[in-house]
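J.: What follows is the residue order along each chain.
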Amino acid sequence: MTTVTQPRGGARAADSPLTTRARRLRRASRWWPALLLVALCTAPFSALPLPGLLDGPIGSPGNLQLLALCLLFGGLATGYDLLLGRTGLLSFGHALYFAAGAYVTNTVLLRTGQSLGVCALLGLLAGLLLSILLGAVSLRVSGIGFSMVTLAFAQAGSILVQRDPGGITGGEEGKAVPADQLPSWLVGIGHTANLYWIALAYLGVVLVAVHWAVRSPVGRVWEGIKENERRVEVLGLRPYGFKLIAFVLAGFLAALGGTVHLLLTGGATPQTTTSDFTLSLLVMVVLGGSGTRWGPMAGGILYTWADHRLGDFAGSGVVAGLPAAVRVPLSQPLFLLGALFVAVIYLLPGGVARMPARLRALRTSRPTTDRKEALQP
Amino acid sequence: MSTVVLLTLTGLGLGALYFLVASGLSLIFGLMDVLNFAHGALMSIGAYATWWAASGRLPGAGPGGAGFALAVVFGTAVGTMAAVLLELAVIRPLYARPRDQILATVGVGLAVPALLSAIWGADARPFPGPRALSGVFDLLGAEVPFNRLVLIAAALVVFAALRAFLSRTRYGLVVRAGVEDRAMVTALGIDVRRAFTLVFALGGAAAALGGAIGGLYFGSVDPRQGTSLLIFAFVVVVTGGMGSLTGAALAAAAVGLVQQFANYYTTTGLGDLAVVVLLAALLLVRPRGLTGRPT
Numbered sequence: 001m002t003t004v005t006q007p008r009g010g011a012r013a014a015d016s017p018l019t020t021r022a023r024r025l026r027r028a029s030r031w032w033p034a035l036l037l038v039a040l041c042t043a044p045f046s047a048l049p050l051p052g053l054l055d056g057p058i059g060s061p062g063n064l065q066l067l068a069l070c071l072l073f074g075g076l077a078t079g080y081d082l083l084l085g086r087t088g089l090l091s092f093g094h095a096l097y098f099a100a101g102a103y104v105t106n107t108v109l110l111r112t113g114q115s116l117g118v119c120a121l122l123g124l125l126a127g128l129l130l131s132i133l134l135g136a137v138s139l140r141v142s143g144i145g146f147s148m149v150t151l152a153f154a155q156a157g158s159i160l161v162q163r164d165p166g167g168i169t170g171g172e173e174g175k176a177v178p179a180d181q182l183p184s185w186l187v188g189i190g191h192t193a194n195l196y197w198i199a200l201a202y203l204g205v206v207l208v209a210v211h212w213a214v215r216s217p218v219g220r221v222w223e224g225i226k227e228n229e230r231r232v233e234v235l236g237l238r239p240y241g242f243k244l245i246a247f248v249l250a251g252f253l254a255a256l257g258g259t260v261h262l263l264l265t266g267g268a269t270p271q272t273t274t275s276d277f278t279l280s281l282l283v284m285v286v287l288g289g290s291g292t293r294w295g296p297m298a299g300g301i302l303y304t305w306a307d308h309r310l311g312d313f314a315g316s317g318v319v320a321g322l323p324a325a326v327r328v329p330l331s332q333p334l335f336l337l338g339a340l341f342v343a344v345i346y347l348l349p350g351g352v353a354r355m356p357a358r359l360r361a362l363r364t365s366r367p368t369t370d371r372k373e374a375l376q377p
Numbered sequence: 001m002s003t004v005v006l007l008t009l010t011g012l013g014l015g016a017l018y019f020l021v022a023s024g025l026s027l028i029f030g031l032m033d034v035l036n037f038a039h040g041a042l043m044s045i046g047a048y049a050t051w052w053a054a055s056g057r058l059p060g061a062g063p064g065g066a067g068f069a070l071a072v073v074f075g076t077a078v079g080t081m082a083a084v085l086l087e088l089a090v091i092r093p094l095y096a097r098p099r100d101q102i103l104a105t106v107g108v109g110l111a112v113p114a115l116l117s118a119i120w121g122a123d124a125r126p127f128p129g130p131r132a133l134s135g136v137f138d139l140l141g142a143e144v145p146f147n148r149l150v151l152i153a154a155a156l157v158v159f160a161a162l163r164a165f166l167s168r169t170r171y172g173l174v175v176r177a178g179v180e181d182r183a184m185v186t187a188l189g190i191d192v193r194r195a196f197t198l199v200f201a202l203g204g205a206a207a208a209l210g211g212a213i214g215g216l217y218f219g220s221v222d223p224r225q226g227t228s229l230l231i232f233a234f235v236v237v238v239t240g241g242m243g244s245l246t247g248a249a250l251a252a253a254a255v256g257l258v259q260q261f262a263n264y265y266t267t268t269g270l271g272d273l274a275v276v277v278l279l280a281a282l283l284l285v286r287p288r289g290l291t292g293r294p295t
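In order, the protein sequences belong to chains W and D. Under my numbering, the letters of the first sequence match residues 1 to 377, in that order. Under my numbering, the letters of the second sequence match residues 1 to 295, in that order.
One chain only, chain D, in its complex shape:
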């Protein structure tokens, strides 16, 4: 029983991490048809900025308490700025060439981790975090690390915030309409480009937050972390149905759980394979993903 509880919470924690990366990816894809290959890089930027601040290099920030919260805020802000910069400098000039937009993000996705490893080395760096979050608590006989709860809570907050933004605000309306039919929104005289920048900023913020607390989960940061998580985020986006936030949330939880349970009850590594097999099986039954509507 205790193993099942621990595996469930760990799986959900990993799923939360996937959701943080996949939510932005899914929205950007739904709105702009751009598969952002630099999304993992945004996550790494967030992780490194948080690590940099939490190691005491930013005045007021530190590895514990309010200092760590400030470091996370700083990391998220840096990630958001990087996302906005990416949209303005790389994506927007290629507005009329959708495939080149994707290819340009591939280039950025290659260059940024290389730059990070040039500056801070290719090896993993230990991630400083509050002592309170590195402890464990007892749940139904299982000793569950606190950081799993932090991840799940962060994902739930981001999910709720994005839902509220999409359904309650005027910009959310534009984004939702843009995901449904970009040409129509443009024809109505609404500048979708501003929505693009906004969605990029939101996606970047979520990914950077994922990077920051992902450092907590893994206990270290390294330049390749974002890219390797990105691939599972892709799986989540396809499984959930592209452009759907709820689909991404469901798929993220499912992928995280399947991965953890299969990794534990079979051999390590088989869980990662099981996720891909599951994706293939799903696509054979529902080519448009969990929430996808038939055309």
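Just chain W, with the same shape it has in the complex:
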């Protein structure tokens, strides 16, 4: 027994100044979200170029637009992970609630000419009602059946939007948002910063809502359902209701994201109703790390950035000069993303968020004698 405790105690005595420094560093690093928030808030004022990451200075309207999209999808992925990573529900129909928020807001805006606030409220209400109704039906089946039913509902919504009943949705072209009915501070390229802040606020709202919900008593039941649904049932709780709460909250957050997307892109597009859209959310979550606090957000940001930059990259002269066998796959961003996704599943289980922990585990798994030698000068 002494042989086990002695080296540990000895090591602690030897590197005590080092551990205090490490502890101080760790305490300081706990403030990184606040620092990041400050950096993100002030980004529109920054003229700093990020070569390779962005084209030109951060504060240019084009880059702000891209950054705003990144933030929006970071929030959307975080909301989606409420189902996948927190409750263990694999929904393939999340696009429906997102599209409901965007399309209903836009349609009411176009048809009635009410103020943006009223229309957005109605859009949110539509997303809420839709998720209550369809969640109640699709949660009657569990496991992969649930996935397929949510997919079927979303597909129905997508078909409805593409068929353009009564000229409401605009079919394949979508419908542009009526710029003259929006408040003037949201219109025009000079006001991109305002849209950027709205996207940032959306991300903040989702992060707070998800963290709050996950730490609430309901969130603990979600965790239980994810681990073992049968056990939750044995404890005397009905998982159905708890799953429905998660579904409705995620649907509501998606509808909110839809209204932000509507403002950000200046219209509702049918691409947001397709199953591919939900699948890209899934890719974001898995890429970042499902079920972690910051993973889905990081995944959403990373994916959106990569999606846009890969599009630029695919159209660039560098790719055009390559031999056909390399050029052809590289010219398709979706191919790269699909391949990247499979690679992440293989090589990086747990996504980007688990990477630091994995690296740390690699370091600590080295023999302790090595570390002691390294620490003692």
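No lab work stands behind these hints: they were computed from the structure. Please note that the accuracy of each hint is not assured.
DEER-style ranges, computed between Cβ atoms [said to hold, decoys possible]: (1) W:Val-137 - D:Ile-190: 46 to 56 Å; (2) D:Leu-85 - W:Arg-23: 44 to 54 Å; (3) D:Leu-282 - W:Leu-348: 58 to 68 Å; (4) D:Val-73 - W:Leu-348: 32 to 42 Å; (5) W:Arg-309 - D:Ala-124: 43 to 53 Å.
Selected chain W positions facing chain D (in silico; Cβ < 10 Å) [stated by the list, open to error]: (6) Trp-31; (7) Trp-32; (8) Gly-224; (9) Leu-282; (10) Ser-331.
Cβ coordinates follow ideal geometry from the N, Cα and C atoms, glycine included.
Position chain D against the provided structure of chain W, taking the given hints into account.
T.: Just chain D, lined up with the frame of chain W:
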């Protein structure tokens, strides 16, 4: 009357196409608990390989007669190989992580259509087929295209062949037992993994055949075709009861018919919605599908 006959045969033809995709999907799901999102991609691979061969690029193959049969065989073979490759390279290494298996097939399902549209373009390509199959015949006053019959016949043959394989062969026994209780089969010392590869190959073959003759039905091939059919195949699999071949056949016919009739007698597009509404209604009454047994 003639409209009803035409709609029935067209609905059954579409149902046959759904069955070809759904049968493999259902077996793979029943045995491995893997929802294969790359199944639509396998179908597209089959369709493109057949199109490639039938356009005269494969010696001996062509748009007519025996040449077209060879092209279909080639397309099915390519689809089968792709399925085996998918199982060996993507599914098998993730054997202990069922959810990651599904996610990996999602990635493949995204990448393959993108690759197809990178090589042959995103637009639809006209599908060459024998002139005999593009004609119509008269049945009770309706002019029914021949390709509907080809689809129905192909689905019936695949259904009969799969039934025979499952009930008459030793491997079929292993697969059936695996669908019922995978843990028990493994505990008996039978290597279920070989059955996995086999079921993937069979499912891939059926899907690729569906792609080949689906090209005949639609008259063209495009990279998104497989994926859009996949969603209705999912509806068929859930409606029929997961893992059941007979359920898939019944549900495929029902879905195809409902879709066609609703599309014709109401507005176009409403049939697709009607199918989903029907699915929701069914799930409220029988959460485990048509053939599902209560737990």
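J.: Take the hints in turn and mark each one as holding or not.
T.: Results of checking the hints against the structure:
no. : hint                              : result
1   : W:Val-137 - D:Ile-190: 46 to 56 Å : 39 Å, violated
2   : D:Leu-85 - W:Arg-23: 44 to 54 Å   : 51 Å, holds
3   : D:Leu-282 - W:Leu-348: 58 to 68 Å : 40 Å, violated
4   : D:Val-73 - W:Leu-348: 32 to 42 Å  : 41 Å, holds
5   : W:Arg-309 - D:Ala-124: 43 to 53 Å : 30 Å, violated
6   : Trp-31                            : 34 Å, violated
7   : Trp-32                            : 29 Å, violated
8   : Gly-224                           : 18 Å, violated
9   : Leu-282                           : 6 Å, holds
10  : Ser-331                           : 6 Å, holds
The structure fails hints 1, 3, 5, 6, 7 and 8 (numbered hints given earlier, in ascending order).
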